[in-house]
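**Student:** This is what each chain is made of:
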Amino acid sequence: EVQLVESGGGLVQPGGSLRLSCAASGFTFSAHFMDWVRQAPGKGLEWVGRVRDSRNTYTTEYAASVRGRFTISRDDSKNSLYLQMNSLKTEDTAVYYCVRPYYYGSGSHYFYFDYWGQGTLVTVSS
Amino acid sequence: DIQVTQSPSSLSASLGDTVTITCRASQDISNYLTWYQQRPGKVPRLLIYAASSLQSGVPSRFSGSGSGTDFTLTISSLQPEDSATYYCQQAYSLPLTFGQGTRLEIK
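Just so you know, the sequences run in chain order A and B.
According to this note's numbering, numbering within the first sequence proceeds without interruption in unit steps and concludes at 126.
According to this note's numbering, numbering within the second sequence proceeds without interruption in unit steps and concludes at 107.
Next comes chain B alone, as it looks inside the complex (with noise of 0.2 Å):
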């Protein structure tokens, strides 16, 4: 199985910063990297697949990239609805994982 490390597993930022979240996969996964974010009490929502690509009617302040084995999430101009529980997910091989989570809070 692929494991998916996250890091940092929690992190405090302030409105308008720029924070950055890693995946690291245990192999190479070419870009087959999700990014999903899960504010309190809801459902996940997708933001980014194929590690890049940015899912329609997500804000712009959200980026990824990377591909093999090291993947990043940035979100820039922090907003206070960015405060969230964010995830990586490898689509590249069954059974599918994700990683533990990061969970961000706006000060």
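Extracted from the complex, chain A is given alone in its bound form (with noise of 0.2 Å):
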């Protein structure tokens, strides 16, 4: 059975910094692209980033909103997925979900979201 499991959320102050996990298992992780996605309290999904396998050489996308302050990291040898966040504003509370991008077929369009994390809520406030 699949399972992503994150942690690491928490209170932290503007300006702050924290490091979000996500332990995977139940499939081959180094085999699979991981995202992260985030919810903002009663609002809608937003796509923070992705990192690639060692094939794409973990290469790394991000939103606009979080580039240059969020850095999404993976250890292959322990099925772990990470979101380092620096330079937290409070527009970044919401609750974090790891989540596995499924590829159907060859291309890079042909993928879903086939499994979600519970997610781990981020709050930034004073």
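Since the hints were made in silico from the structure, they are not lab data.
Take every hint as true, because none was put in to throw you off.
Chain B is nowhere near these chain A residues, computed Cβ spacing over 12 Å in every case:
| # | residue |
| --- | --- |
| 1 | Gly10 |
| 2 | Val12 |
| 3 | Gly16 |
| 4 | Leu18 |
| 5 | Ser21 |
| 6 | His32 |
| 7 | Gly68 |
| 8 | Asp76 |
| 9 | Asn79 |
| 10 | Ser80 |
| 11 | Asn86 |
| 12 | Ser126 |
For each label pair, taking beta carbons as the anchor points, the in silico distance ranges come out as:
| # | chain 1 | residue 1 | chain 2 | residue 2 | range |
| --- | --- | --- | --- | --- | --- |
| 13 | B | Glu81 | A | Ser17 | 38 to 46 Å |
| 14 | B | Ser26 | A | Ser54 | 27 to 35 Å |
| 15 | A | Ser126 | B | Thr74 | 42 to 50 Å |
| 16 | A | Lys78 | B | Leu94 | 25 to 33 Å |
| 17 | B | Asp70 | A | Leu121 | 32 to 40 Å |
| 18 | A | Ser87 | B | Ser60 | 45 to 53 Å |
| 19 | B | Ser65 | A | Asp75 | 36 to 44 Å |
| 20 | B | Arg103 | A | Ser54 | 34 to 42 Å |
| 21 | A | Ser77 | B | Gly57 | 28 to 36 Å |
| 22 | B | Arg103 | A | Glu91 | 20 to 28 Å |
| 23 | B | Thr18 | A | Ala31 | 35 to 43 Å |
| 24 | B | Lys107 | A | Thr28 | 43 to 51 Å |
Using 30 Å as the maximum straight-line C-alpha spacing, the simulated BS3-like pairs for lysine-lysine come out as follows:
| # | chain 1 | residue 1 | chain 2 | residue 2 |
| --- | --- | --- | --- | --- |
| 25 | A | Lys43 | A | Lys89 |
| 26 | B | Lys107 | A | Lys43 |
| 27 | A | Lys89 | B | Lys42 |
| 28 | B | Lys42 | B | Lys107 |
| 29 | A | Lys43 | B | Lys42 |
| 30 | B | Lys42 | A | Lys78 |
Where a beta carbon is used, it is the ideal one built from N, C-alpha and C, also for glycine.
Reassemble the complex: the two chains are provided individually, in unrelated frames, and hints are given to aid placement.
**Tutor:** Written out as structure tokens, the structure reads:
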């Protein structure tokens, strides 16, 4: 059974840092790209970013709203995904989901998010 | 960035009704559009991918259509468990973008 379990959320002051983790199990973690998606309280879904697999040299992509402040990384030996968040702003307050994009065909467009973690809440407030 | 606009933002319908939710992309995204359902307090759930392909385990009363810039999600024979917020998401290019969501209330 595929499981994604996030941890590391909490209350942090504006300008502070936080590191989220996602422990993956039930699938070959190293073979998959992994994403983070967030959802502010009572709001919609926002894609945060992606880390590709080793075949794609672990390259990363970010939403403009977090680029330069957030860093996504992974440790395939630990089946873990990370989100390092620096220079946090109040508008970063959200539930952060670890998400697996599943590719059903060749080509960058042929994917969907098939598994989501339960999310971890990050609150940025003074 | 590709903008994705959903309408309506909310709607109310009765048990057994059929409803349609629309998603419009700011540019041609072919059929690279996905629909998710998020029940209150729950994690999003995949309904439809590639605009019209039903995910395994999803009831057949959910259907999707469209191509290019205009897409629809249709839910027929509404059930109480369909009360949720529905999101579309374009998979054509990064950054991935979601519609703002459509909240469906079952009367």
